[in-house]
Amino acid sequence: MKRLFVVAFVAGLLAVALAATLWPLPSHFRYRAITSVPIDGGRQEEFIIHWPEDRIARPGEQRSGLLPAVVAGAAVLEDSAGRRVSAELFRLRDTEDNVIGVAGRLAGTGGAVADAGRSASNWLLVIPSRGALFLAQSDVEDTTLREGVAADGPVALAPAGAAAFWTDRPRVRITAAAPAGAGSATSGKVLRGTSEFAGLQGSYTETWDLETVHPDGSTSGRIVLSTLTSGGG
Amino acid sequence: MRAVVAILGLVLGVLAGIALLLLNPLTWLRGLPPLPSDLAPTKAYRWDAYRGIDGGVRDLLGMTRRNRAVALKDSALSHMRIGIVVLPAGEGAPAALAVKVSVIAGENSLWRAQLGTHDYWSIFWPGEGSVFAIGYSNYWPVARDAFFAAILPGDRSVMSPSYALSAPSRLDDPAGVTGASGRYAGFTGEIREQLYLAPPGSARSEPDWTLAIKANPPPVATR
Numbered sequence: 001m002k003r004l005f006v007v008a009f010v011a012g013l014l015a016v017a018l019a020a021t022l023w024p025l026p027s028h029f030r031y032r033a034i035t036s037v038p039i040d041g042g043r044q045e046e047f048i049i050h051w052p053e054d055r056i057a058r059p060g061e062q063r064s065g066l067l068p069a070v071v072a073g074a075a076v077l078e079d080s081a082g083r084r085v086s087a088e089l090f091r092l093r094d095t096e097d098n099v100i101g102v103a104g105r106l107a108g109t110g111g112a113v114a115d116a117g118r119s120a121s122n123w124l125l126v127i128p129s130r131g132a133l134f135l136a137q138s139d140v141e142d143t144t145l146r147e148g149v150a151a152d153g154p155v156a157l158a159p160a161g162a163a164a165f166w167t168d169r170p171r172v173r174i175t176a177a178a179p180a181g182a183g184s185a186t187s188g189k190v191l192r193g194t195s196e197f198a199g200l201q202g203s204y205t206e207t208w209d210l211e212t213v214h215p216d217g218s219t220s221g222r223i224v225l226s227t228l229t230s231g232g233g
Numbered sequence: 001m002r003a004v005v006a007i008l009g010l011v012l013g014v015l016a017g018i019a020l021l022l023l024n025p026l027t028w029l030r031g032l033p034p035l036p037s038d039l040a041p042t043k044a045y046r047w048d049a050y051r052g053i054d055g056g057v058r059d060l061l062g063m064t065r066r067n068r069a070v071a072l073k074d075s076a077l078s079h080m081r082i083g084i085v086v087l088p089a090g091e092g093a094p095a096a097l098a099v100k101v102s103v104i105a106g107e108n109s110l111w112r113a114q115l116g117t118h119d120y121w122s123i124f125w126p127g128e129g130s131v132f133a134i135g136y137s138n139y140w141p142v143a144r145d146a147f148f149a150a151i152l153p154g155d156r157s158v159m160s161p162s163y164a165l166s167a168p169s170r171l172d173d174p175a176g177v178t179g180a181s182g183r184y185a186g187f188t189g190e191i192r193e194q195l196y197l198a199p200p201g202s203a204r205s206e207p208d209w210t211l212a213i214k215a216n217p218p219p220v221a222t223r
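These protein sequence lines are chains D and E, in that order.
Sequential numbering from 1 applies to the first sequence in our numbering.
Sequential numbering from 1 applies to the second sequence in our numbering.
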């Protein structure tokens, strides 16, 4: 009986060892990276975001019948001096329209960040199977969201979500051609990458393309982040 | 009688095996030291309004079903969590808005006592500037204590009220802070995160968190 107990006990130990070795820990689904090599060298990759459908709303956040510019999954923080920061969350797609990751856009104004009437913005791109990219830029105009008030509480308003923003221009390049004088320090810079993007540095441009103006005055379109990176930066 | 003895031996063997696995001494050797509080003020935050996984030990082991209320349905996003976080003002800094993304680490290993997430931060202080940060949070000590709390039901002292999660990653990516804009452009530094579990019996089920950031300006270039 004692021997049986010892054999069963050792079998239990071995079962745990086997489970620890073979346990299927989560792994990330991966799409093939769609990159190209320009004539001048480097690595070019475009990331696409469709608005409004790629916005990641908070749990239970569903609003209807509000202003066209109201967006889900966003937040605005403004201090008493009128300096503002806004945050937006998106799904991130490749050029074949596959959802490959997520993106967070933070934009800020005022003080040491940007000149009057402009903002500086950061993109955090996370592709679970490949790593993350950190992008920063000066914007050609103030791209921060505004805070509004609706019947069910405060809401975030995205100017580009309303038709008025797009008068006579179906496409806007958001990345400033050159850094603002006293403001943020860069015009479309890939600051750093991790995992598969580790060691890459370079530049990027952010472009907003209007696709549809809806009868209620809201819009849909796409954001294109076009990166050009190289190693050994 | 023989069957009872065999089952008892097997169950005790499994429990002993799990205990030995969880008591892996690498857990104690691999933590990162805390940052000095005078150089890296600690910011408490909540991360309740998230989308994606719950982020607990069961998620890290792949043992949970999707919570439809918060899950991201896309295949590539099934093991991650994203949300907007407000970091409070204090210690001379205004409140900040941040985006935090946690991704279950692909290099997790039960033999190496690694059960963690890669954490990516983008933080923006109004009128001040912004930084990015990367960290690796190892939940192994949480898993270990939860196991012993479960098999020693009378002993509530097993679970610590807080856990310093930050640990070095096995990947070559150095954790840390990268200054992005404003007065923080070019800064580099370190981050630490701590998890505060909801007390037993508390109406609030989500944990609280703290974040400490130490960032230094770039070296002054001389001609």
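Please note: incorrect hints may appear among the correct ones.
[As the list claims (entries may be wrong)] Some residues of chain E that are not near chain D, with every Cβ distance over 10 Å (derived):
1. T27
2. P34
3. P36
4. R183
[What the hints assert, rightly or not] Partial pick of chain D residues on the chain E-facing surface, computed with a CB cut under 8 Å:
5. S27
6. I34
7. P38
8. A87
9. A160
10. F165
11. W166
For the record, the hints were derived by calculation from the structure and aren't laboratory data.
Bear in mind the structure is a predicted one, so any value in this text is a computation, not a measurement.
Glycine included, C-beta positions come from ideal geometry on N, C-alpha and C.
Tested hints:
| no. | hint | in the structure |
| --- | --- | --- |
| 1 | T27 | holds (14 Å) |
| 2 | P34 | holds (23 Å) |
| 3 | P36 | holds (25 Å) |
| 4 | R183 | violated (4 Å) |
| 5 | S27 | holds (6 Å) |
| 6 | I34 | violated (14 Å) |
| 7 | P38 | violated (25 Å) |
| 8 | A87 | holds (5 Å) |
| 9 | A160 | violated (19 Å) |
| 10 | F165 | violated (22 Å) |
| 11 | W166 | violated (26 Å) |
This entry does not satisfy hints 4, 6, 7, 9, 10 and 11, going by the numbered hints stated previously.
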